[in-house]
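Colleague: Each chain, letter by letter, is given below.
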Amino acid sequence: MKPGCALLMLSTWLVIGCGGPDPEPSPPCERKCQDATALRALREIMKLVFNLTLQGNAVGPQDETTPCPMGGSARVFGQATSNAVQGAIEVDLTYELTECAYLQRDDEPPENYNMTIAGTVLQQGTIAVQPSATMALNMSSEAVSFVGTVYDPPIGFEEPACAVRMGQSGNQLSGTICDREAGTDL
Amino acid sequence: MPASLALLVAALLFLAWEARAQPAATPAGPPAPAIVPPKLLSDPNVAYPEGATGDATVILVVVVSARGSVESATPEQENEPFSSRAAAAALGWRFEPARRDDKPIAAKIRLEVRFRAPVVTEQAPAQPEAPAAARAGAPVPASKPPAPLEILVVGERAEPSRSATLSRAEVRQIPGTFGDPFRAIETLPGVTPIVSGLPFFFIRGAPPGNAGYFLDGIRVPLLFHVGVGPSVVHPGLMARVDLYPGGYPARYGRFAGGIIAGETVEPEDELHGEYNLRLFDAGALAEAPFADGRGTVLAGGRYSYTALLLTLLSPDTTLEYWDYQLRATYDVGADDRLGVFAFGSYDFLGQRTQTETLTLFATEFHRVDLRYDHHVGERGKIRTAVMLGLDRSALQQDRSVRNRIAGLRNEIEYRLSRDALVRAGTDLELDTYDVVLGTDALSPSAARVAEFFPSRTDLAFGARADMVVNVDPALEITPGLRIDFYSSDGAAAAAVEPRLGTRTTLSERVALLSALGIAHQPPSFVVPVPGLQPGGLAGGLQRAIQESMGVEVDLGDATTVTGTVFHNAFFDMSDPLGAVVPQINGCPPGAFPTDTIGGDRGTQPDNPTLCGVPRFPPGTIGPDRSGGGGQGADSRGGERAANAFEVRTLGEAYGLELFLKRRLTSKLGGFVSYTLSRSLRSFQNRKYVATFDRTHVANAAIAYNLGRNWRAGTRAVFYTGLPKAPDPTDPSATRLPPFFRLDLRLEKRWQLSKKVWISAVAEWMNATLAKEAVSTTCTLAGCEAQTIGPVTIPSLGLEGGF
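Protein chains in written order, with my numbering: chain A, 1 to 186; chain B, 187 to 988.
Don't read these hints as lab results, they were simulated from the structure. These numbers come from a predicted model, not from an experiment. Treat the hints with caution; some may be incorrect.
Distance ranges between label pairs, derived from CB positions [to be verified]:
#1 Thr65(A) <-> Ala677(B): 51 to 57 Å
#2 Thr543(B) <-> Asp92(A): 42 to 48 Å
#3 Glu30(A) <-> Ala677(B): 14 to 20 Å
#4 Ser145(A) <-> Asn771(B): 41 to 47 Å
#5 Asn138(A) <-> Leu574(B): 56 to 62 Å
#6 Ala677(B) <-> Thr94(A): 26 to 32 Å
#7 Thr543(B) <-> Asn138(A): 36 to 42 Å
#8 Gln582(B) <-> Pro160(A): 51 to 57 Å
All residues carry an ideal CB built from backbone N, CA and C; glycine is no exception.
With the rest of the complex left out, here is chain A (with noise of 0.2 Å):
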């Protein structure tokens, strides 16, 4: 993605510096590519739904229902805490995803995705809002579906009820789903 650089080149008409090679084709996506991409799916739902309810919200218990972009609906509830000073959330949190659906399209083949996620899935750890805060999560659910597409050009993708255990340190998402082994830098 170079925005910025079709920006400057069009303010100064100057074709250099902002070259690159023919887009090379897709590398084919197998099962341990899409299924990274479907973690990564509902990883970023989460953060969604996390988002849209709780962020700004009073420390404390929470429990707040919000529509998904796409359709269906997501609840939260649970407990969150904050140091505002070090910049870290903690959480222990559940997300019920009732058809939860929500898509996203981007330049890297890997990180596009269509997906309808239903679920109960708990999450507990430290989210870090700052640097200099270390992201530290656990998520777990006994049974997600996941129903939709992964990839560019997209790749169907159903999982009626899947085991998800997954971890987040830093910006790496890595566990299982459906008790394969999966992982993807956020």
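Model the placement of chain B on the given structure of chain A, informed by the hints.
Modeller: For chain B alone, kept in the frame of chain A given last:
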């Protein structure tokens, strides 16, 4: 300050009036009869004198008899051999005589005859009579200079509120503007750039969102492709561009910070056109008559092939722009003309993925203006027009805004008497906005901003009138009044705007000009973007009181100088740019928070809000920003932007403008434009220098005819740096470093026949490759100015016409 300036204006007006007052007042009585000036029937072109060099202008005082013949023609100043040649030619001219109440009368008029050094054709063998002079480097005698018409009836006075007018021919000679009349606005006094090369301006302290763009009286949502590229109208269509920085005529309203008004060329009754080919785009324009000259049809446009270039050089980015102009007129009677003028523009900046192209930013607008013009005898004219339009902008994540426009306007100009001209009109505009926020979720701050842009229907209705009154041969006043009614998303507001312009002639060469006016505007976006108009009139109308006083001196020899003092007061400004207080980037030495436990990241924190300031309010839950990408996460930057969008500020700007110009089409022409100003904002009981205030802004350009159809020009631009954020390492510094750049232009022209010409043009904006300081960046080791650029635009192109 407003009171003192108003007093100054009044005092100067009084002195001027006293100085020019006639012993006997104009006698009272019936209205003076209407006088129609003589109209030239002969070919106005005058042969260029043999052996002469350079361009020249001769002012002739011509006495035209009641039969239309020229009884005498006397040059005002001797400038041989041009003055004799002009006088001799004028004695042979025929006029349609002047008329008083439709009866022919004799009249004395002043005419301006311009001589341009003729071009030297490269086809020497085809012109055997010329080679000696051509070889000697002297201009070849020109039988007749090409169009445009080089004769004007002196007396078309600039309106007092118009700070400057640039003709197309002059703009072509200004380096760094690429022959674009709208881009040349940045060279005028009172105009303060945001960043070099970016054609969004502060005009006498008013932000870019408060400037109105008009083309033939039609509001245009943006002037430049992709915000920073060439203008959206082919330059060949433009007759001139006027800048009204304040106290503008009553026909302009709904903008509180200045008017940039373009006027298109009149239809011509013979085939003509022009074209240009540059590295990044190509454009053409042609007009032809039909029905024995009763009708004309014009088509023009520009297409950018930057998409192709970008495809080769940056495969994942795509950029496109094009524009079009279509115009047709038909004279249905001696006094009646029907016309249609359609124009539009399209810009697209996108990002290619494997399967689709994502929109990063896209805009388009279209206008169709249907006109009926009627002449009311020799005394006036009426225009009735219906306008349909579409504005559309699209952003990432399928977000878009669309505005469908329907407008109706009526305009009348009628000369009541020799000394009184009435101009009046009404206009109605209906804007239907469809806003789509897309499928993604918005952060709280973005959602706050989005609430300003609901889907809705807006209505604006205005009525206005002014009268140009010659109270005395030395004093012309133009009182006016404009009333506008606004309705948007259930809210309504009305604005009453008195205007007053005066022109006091102290001598044949010296005049005092003053302009005073009130202007209102609904809340505006940061910069003009099609369809992005805040709705609901939240916070009420913006209001500006604009006043200026100036002196205009004709130095002769096509040289004029103007000096103007101005003062603008702004109320309830929606000026997000001006309301954001400059902040340093990074943490300055000693500012790193010592009472927090920082992670070992190996780098310094990259956000100034970390320097001892909590990222979010204590006792609340912050956002989850892990991995970036937004997903509804809010930030302090987003909060600041949303806050800035909501606040209303008070503002004030005052200063001095100087403009010295010698016609750029002269053999040696140029201008110096200088603005000394101060722009202030008041917000939350705090008064501060506006974010984009620049104390000094200067432009100086010179264009010189090198002979043999080579013409070279250069332009220097200087301005003071922006106000600087408090810098703990240099507390005394209040400004970022100043900026200076040099632009160059070189043109070689070939005249292939009387009408056909072609030019090769090399132009380079910012040939000095100067970088511009825009902010301050600090690390624990110290602070320094952060620069951008060099923003430089080299251009090679061919231009031609027929």
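Colleague: Taking the hints in turn, state whether each one holds.
Modeller: Here is what the structure says about each hint:
no. : hint                                : verdict
1   : Thr65(A) <-> Ala677(B): 51 to 57 Å  : 32 Å, violated
2   : Thr543(B) <-> Asp92(A): 42 to 48 Å  : 43 Å, holds
3   : Glu30(A) <-> Ala677(B): 14 to 20 Å  : 57 Å, violated
4   : Ser145(A) <-> Asn771(B): 41 to 47 Å : 45 Å, holds
5   : Asn138(A) <-> Leu574(B): 56 to 62 Å : 59 Å, holds
6   : Ala677(B) <-> Thr94(A): 26 to 32 Å  : 43 Å, violated
7   : Thr543(B) <-> Asn138(A): 36 to 42 Å : 39 Å, holds
8   : Gln582(B) <-> Pro160(A): 51 to 57 Å : 33 Å, violated
Hint compliance for this structure: hints 1, 3, 6, 8 are broken, all remaining hints hold.
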